[in-house]
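Undergrad: Going down the list, the sequences are from chains A and B. Under our numbering, the first residue of the first sequence carries the number 2, and numbering increases by one thereafter. Under our numbering, the first residue of the second sequence carries the number 31, and numbering increases by one thereafter.
Where hints are given, some of them may not hold.
No farther apart than 25 Å at their CA atoms in a straight line, the calculated lysine to any residue pairs in the SDA-like style are these [what the hints assert, rightly or not]: (1) A:Lys168 with B:Arg71; (2) A:Lys67 with A:Ala29; (3) A:Lys177 with A:Gly161; (4) A:Lys183 with B:His35.
If you are wondering where the hints come from, they were derived from the structure by calculation, not from laboratory data.
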Amino acid sequence: MPSGPSDDADWAGCVRRIADVQDRAAFAALFAHFAPRVKGFLIRSGLGVAQAEDCTQDVMATLWQKAAQFDPGRATVSTWIFTIARNRKIDILRRHARPEPEDLPWGPEPEPEQAEALGRQQEAERLGAALAALPQAQRELVEAAYFGDLSQSEIAEKTGLPLGTVKSRLRLALEKLRHAMK
Amino acid sequence: MQVTHQIGDDFLAAYAAGQLPEAFDLVVASHLSLCPPARERYDALEALGGTVLESAPEAEMSAGSLEATLARIAGGASPQPELARTKTCDVLPAPLRDYVGGSIESVKWRPVGMGVKQAILPMSDGASARLLYIPGGAEMPDHGHGGLEMTLVLKGAFLDGADRFGRGDVEIGDEDLVHHPVAEAGEPCICLAATDAPLKFSGWLPRLVQPFLKI
Chain A
2 MPSGPSDDAD
12 WAGCVRRIAD
22 VQDRAAFAAL
32 FAHFAPRVKG
42 FLIRSGLGVA
52 QAEDCTQDVM
62 ATLWQKAAQF
72 DPGRATVSTW
82 IFTIARNRKI
92 DILRRHARPE
102 PEDLPWGPEP
112 EPEQAEALGR
122 QQEAERLGAA
132 LAALPQAQRE
142 LVEAAYFGDL
152 SQSEIAEKTG
162 LPLGTVKSRL
172 RLALEKLRHA
182 MK
Chain B
31 MQVTHQIGDD
41 FLAAYAAGQL
51 PEAFDLVVAS
61 HLSLCPPARE
71 RYDALEALGG
81 TVLESAPEAE
91 MSAGSLEATL
101 ARIAGGASPQ
111 PELARTKTCD
121 VLPAPLRDYV
131 GGSIESVKWR
141 PVGMGVKQAI
151 LPMSDGASAR
161 LLYIPGGAEM
171 PDHGHGGLEM
181 TLVLKGAFLD
191 GADRFGRGDV
201 EIGDEDLVHH
211 PVAEAGEPCI
221 CLAATDAPLK
231 FSGWLPRLVQ
241 PFLKI
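In isolation and in its complexed conformation, chain B is listed as follows:
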């Protein structure tokens, strides 16, 4: 599998910095699970986080802070062993399986017309994420403009103009992009789409007010 549309450094840095809304975190984490070259670029951006931490303005710790921390350690439970999250052949990479609560078989699809189905994933902040199932040859749901949208292909492919997006590829749409994605003829296309919600959020991304996928 060759991922041809990788997420750019700006979004990878925002993910490394912990500055993205949860829905976009989920897209980036899933993309990094499917795209080793992006994963390598990402590791370098986490290293940059360590470098920036070294240059962080120091804030004095409270008196007795070290002792308080040692007391926490003494009183704390022994560490949980990290769960192994090895690769599987499922359509959904591990971060998505955590949200769905299982494999692709566990997704609770809701029909939204024309054979298209969706499953909305619960998010704790403003941006939203959903899985989309689009029959081969069908048009992707209509897109509003004026927001930021990330679409990660999990199965099948979609075409947008001259570009083809297959498993692991991400298309990023913003106010400047007018696009008409269509699922490739043949097998259905399953993707993860994250969009800004009409809520404001501070931090990395420009504030955007338009809800995005009007399904």
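Bound conformation, chain A alone:
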């Protein structure tokens, strides 16, 4: 049974088993790992607890329904679930679908290449390690940017740093993370 972020290859296997044989045990494993994280993410981004629970169930149901469209050559399972949760949150807040670029990232592709999937997986591991290795202040900025619980001006206010410093620190952090993925 997969149990941690470093086992994402197994998560991809779970998604495939849902697509191929509607495997409930695989779904339960994904649910146990990801649902509390999605719910935590949604609460931190400003949804109420009941709404976050409802939205998380929706996100996980979408994962089941779209399992056949998941392409491990394009993204890891955690990234895929992140985009589903983000889009669902925007649907709720705006009552309007998020504008998406052309050539949708999750379109079905006949044969995802094993090597590419492995590459994504390794990239995610490097990224996770690089995020953990950032100085705490920078890591918190990156997390706040994705959770959306604090604006940059609020961070500036809270820390007493000029807004320009907050902005340049975040840029620096993103640059470091990008470097780690190469």
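Based on the hints, put chain B in the right spot on chain A.
TA: Same frame as chain A, now just chain B:
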């Protein structure tokens, strides 16, 4: 086509995080449809979203949550096949066609003087977006300052000081930028301009109070 003015990581991350107002989402989605290098940078920032999700504080699910979700799945409609949104040669990339309800031919332009035309796109939150049509050689509408503005070129080009902005390029203006964009002589310049509205919004961007394009 070479896009020379790409959107920076800070805005791409905000789009990946789902923290931008709808009008700026539309500019970024359109830019990413026209600029493959930015698209590649963007994909990495979505991957970062997955990494951050892994580190998210866990919130316990309600009792019976898994069963409730399985019941939703059993009761749910079969998934809609994703619509193919392949590239076309239209002036408008797919995300914009969704807002306009068709190609560039379907845009309902309204003249605003001096040959300039605009079409305001409906947005659900404070920031606003509009398509602008500026005859070759004409000045872009006057810009206020103290807000954030993103301008994406869809057709033709405009010049701003020493910089030239062509199809796919984005100019970002904020309170520090004093600029005087002029459409390049020749064909008309069509762009998508998004600005903060005088409403406050929380989240990623600094709160800004000035309405921007005073047309």
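Undergrad: The structure should be examined with respect to each hint, and the outcome stated for every one.
TA: Results of checking the hints against the structure:
| no. | hint | result |
| --- | --- | --- |
| 1 | A:Lys168 with B:Arg71 | holds (19 Å) |
| 2 | A:Lys67 with A:Ala29 | holds (16 Å) |
| 3 | A:Lys177 with A:Gly161 | holds (24 Å) |
| 4 | A:Lys183 with B:His35 | holds (23 Å) |
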